[in-house]
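Residue numbers (our numbering), protein chains in the order written: chain W, 7 to 406; chain V, 255 to 522.
Incorrect hints may appear among the rest.
Ranges of calculated distance between the beta carbons of each label pair, as one might list FRET restraints [as the list claims (entries may be wrong)]:
1. W:P171 <-> V:Q328: 19 to 29 Å
2. W:Q54 <-> V:E471: 51 to 61 Å
3. V:G400 <-> W:R400: 51 to 61 Å
4. W:R400 <-> V:R397: 54 to 64 Å
5. W:D301 <-> V:E506: 29 to 39 Å
6. W:G273 <-> V:V333: 28 to 38 Å
7. V:D458 <-> W:R45: 31 to 41 Å
8. V:Q328 <-> W:L157: 31 to 41 Å
9. W:G273 <-> V:S507: 14 to 24 Å
10. W:E149 <-> V:T267: 52 to 62 Å
11. W:R117 <-> V:E444: 51 to 61 Å
12. W:G273 <-> V:E296: 53 to 63 Å
13. V:P413 <-> W:D301: 39 to 49 Å
14. V:G400 <-> W:G277: 35 to 45 Å
In short, the hints are calculated from the structure, not lab data.
All values derive from a computational prediction rather than experimental measurement.
Just so it is clear, CB atoms sit at the ideal spot from N, CA and C, and this is done for glycine as well.
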Amino acid sequence: MSGGLQTAPDTRGHFGIFGGRFVPETLIPALDELEQEYRKAQQDPEFQREFGYYLRHYVGRPTPITYAERLSEHLGGARIYLKREDLCHTGAHKINNTLGQILLAKRMGKRRIIAETGAGQHGVATATVCARFGFECEVYMGEEDVHRQALNVFRMRLLGAKVIPVTSGTRTLKDATSEAIRDWVTNVRTTHYIIGSVVGPHPYPTIVRDFQSVIGQESRQQMLEMTGKLPDVVLACVGGGSNAMGIFYPFLNDPVRLIGVEAAGRGLDTGEHAATLATGRPGVLHGAASYLLQDEYGQVMPTHSISAGLDYPGVGPEHSYLKETGRAEYVTATDEEALEALQMLARMEGIIPALETAHAVAHAIKIAPDLPKDTTILINLSGRGDKDVDIVSRALGGLG
Amino acid sequence: MSRIAERFACLQTVGEGALVVFITAGDPSLKMTEQLIPTLAEAGADIIEVGIPFSDPLADGPTIQASTFRALQQGVTPVHVLETVARVRAQTDVPIVLMTYFNPVWQIGIERFAEQAASAGVDGVIMTDMPPDEAGEWHPVARRHGLDTIFLIAPTSTPERMRRVAQMSSGFVYCVSRTGVTGARDDLPEEVPYTLQAMRTLTDLPLCVGFGISRPEHVRAVCRVADGAVVGSAVVSLIAQEAERGEHALLESVGRFVQELKQATRRT
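The shape of chain W in the complex, shown without the other chains (with noise of 0.2 Å):
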């Protein structure tokens, strides 16, 4: 790869011509104490003490990493390998997020927490951190979402976040992120907004990938110490793109192939898809510059995806700049393909990945048999499929 990738942002938040703070000036004072406090949080041996404490007694890291021996040998090709945050505590890689995030606000001195959710899993994700450190929670969810993701929502209200079902616009995850924004714009003084994947104004993308980047340092350490070698392939799915970000981050400047697989939904020709980096083009939503789907005036356009964690019109801004330089690669994977990886996954492997993740698995599926036998694949398998029984067992019209 070329030695000018850009591994951080410039002072002003962007990756080439992508990121940034697009949003009302009311919240810029408080991205510039979010930035100068996670700075100094870097720094600080306590705050890095703390944040491995928990990490490893609390969200039980480091989470291990599976040879799928069953499905490689069946595809006769690369032997693939599964990093599981399925493992990690609610079921997903976005506790190591929010974790960190919870941390930040509790040197902020910000009591009360709000949080976005699409699949429900960074709703759960926040919700726990701030039952577990004492915060007030509530979390913006998107109408359709609350219906498809009723399990999660149970879930969050248990925990004692408060859930509020967002009735705007396209009543999904580009909608909840909306509202929670305009609730932090109102709240800013008192509140902290724990956004959760690698999107939104500088310096969220940064700080939710290097909290998420310790999934490709353990990663990179478990391979070198199974196989002797690196990864050829890195897969990781993407729809704001946090489990791709955290498992391709520390490869970047390694030979190593990284994919990233967006949702293709019906198909990219039915146009209901959510297959940002493959077919929309730059634009500006939810405070920073990136891939957008949107019409020629920029209006940003419906998407669907049979994962609800996917089925975002935007995606981060590094994932962008990544696409741009050519340093990763980005595919597709259909809700039918994803459902039969899912299918796949749960017989051969023993594993229930996440409708989200299962479009990672599809994409290794799809290219596995072509590569040698000494070729290794390690996908993020970022989020076990429990949630998912009920979407998956409707569209595959029960299991008979």
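Go by the hints and put chain V onto chain W.
Same frame as chain W, now just chain V:
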């Protein structure tokens, strides 16, 4: 002198505050927008902010969100809005400021948007989600086309940020009255005078206060300390409410409301 500067100079000599009125272009229709602008001007609006509808208006409360949604349902695009302004410009000299989010401008192209806005007779532009930090590309282009760029200060703005806004704004400075989104409120926040006082030491530009200003008594209170008051959601919800009663009734009752608001800007 720009139309905006001229208007403020004129208001100063007669001892009045400026009444700035916001409407969403295309709500209930572009045809009505074309009639509303001259009506607002005749009723006493000193500056008219014309909102370009955007699918994700994250600085707006429920009233303007709903209005935006109605306009988008009509298929209103930024190009339609500029065409409407161009037609209105033939009928009235009232200063017109476009209020928009950054993305529609970026997609049309900064140069092209500025050029078309200027030739349509637009006087200034406010981009709610473009703080001075992100205005590097827009600012010189706007200046070259003779467009004022109105930046916003908020109650959370630090002195350093106020200075930046003071340096980069032209026309006037938009002072956001409270932390929050647009929308009518019952009361006025107490911190407004302090923000204005701090801003006065940094600039000679007129200072207009907006967000939550919905009644004549709010306008009166604001005009005691500021150079103008911005009324948005209250007018937008009146338009929505009267739209069913037909064009004539709508124009009449919006006109009447604006007259009352304007009356409240007269300091004597």
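> Does the Cβ distance between W:G273 and V:V333 fall inside 28 to 38 Å?
Replying inline: 31 Å, holds
>> Assuming the hint says 31 to 41 Å, is it satisfied by the Cβ distance from V:Q328 to W:L157 or not?
In response: 39 Å, holds
>> Please check whether W:R400 and V:R397 have a Cβ separation lying inside 54 to 64 Å.
In response: 57 Å, holds
> When you take the CB atoms of V:P413 and W:D301, is the distance between them in 39 to 49 Å?
Replying inline: 41 Å, holds
>> Taking 31 to 41 Å as the stated bounds, is the beta-carbon spacing between V:D458 and W:R45 within them?
In response: 37 Å, holds
> If you check the beta carbons of W:G273 and V:S507, does the distance land in 14 to 24 Å?
Replying inline: 50 Å, violated
> Is the distance from the Cβ of W:Q54 to the Cβ of V:E471 consistent with 51 to 61 Å?
Replying inline: 54 Å, holds
>> 29 to 39 Å was suggested as the range; check whether the CB atoms of W:D301 and V:E506 agree with it.
In response: At roughly 36 Å between Cβ atoms, V:E506 and W:D301 fall inside 29 to 39 Å, so the hint holds.
>> Verify the CB-CB distance for W:E149 and V:T267 against the hinted window 52 to 62 Å.
In response: 54 Å, holds
>> Is 19 to 29 Å respected by the C-beta to C-beta distance linking W:P171 and V:Q328?
In response: 27 Å, holds
> Falls inside 35 to 45 Å, the C-beta gap from V:G400 to W:G277?
Replying inline: 40 Å, holds
>> 53 to 63 Å was suggested as the range; check whether the CB atoms of W:G273 and V:E296 agree with it.
In response: 54 Å, holds
Hints 9 and 11, counting from the list given before, are not met by this structure.
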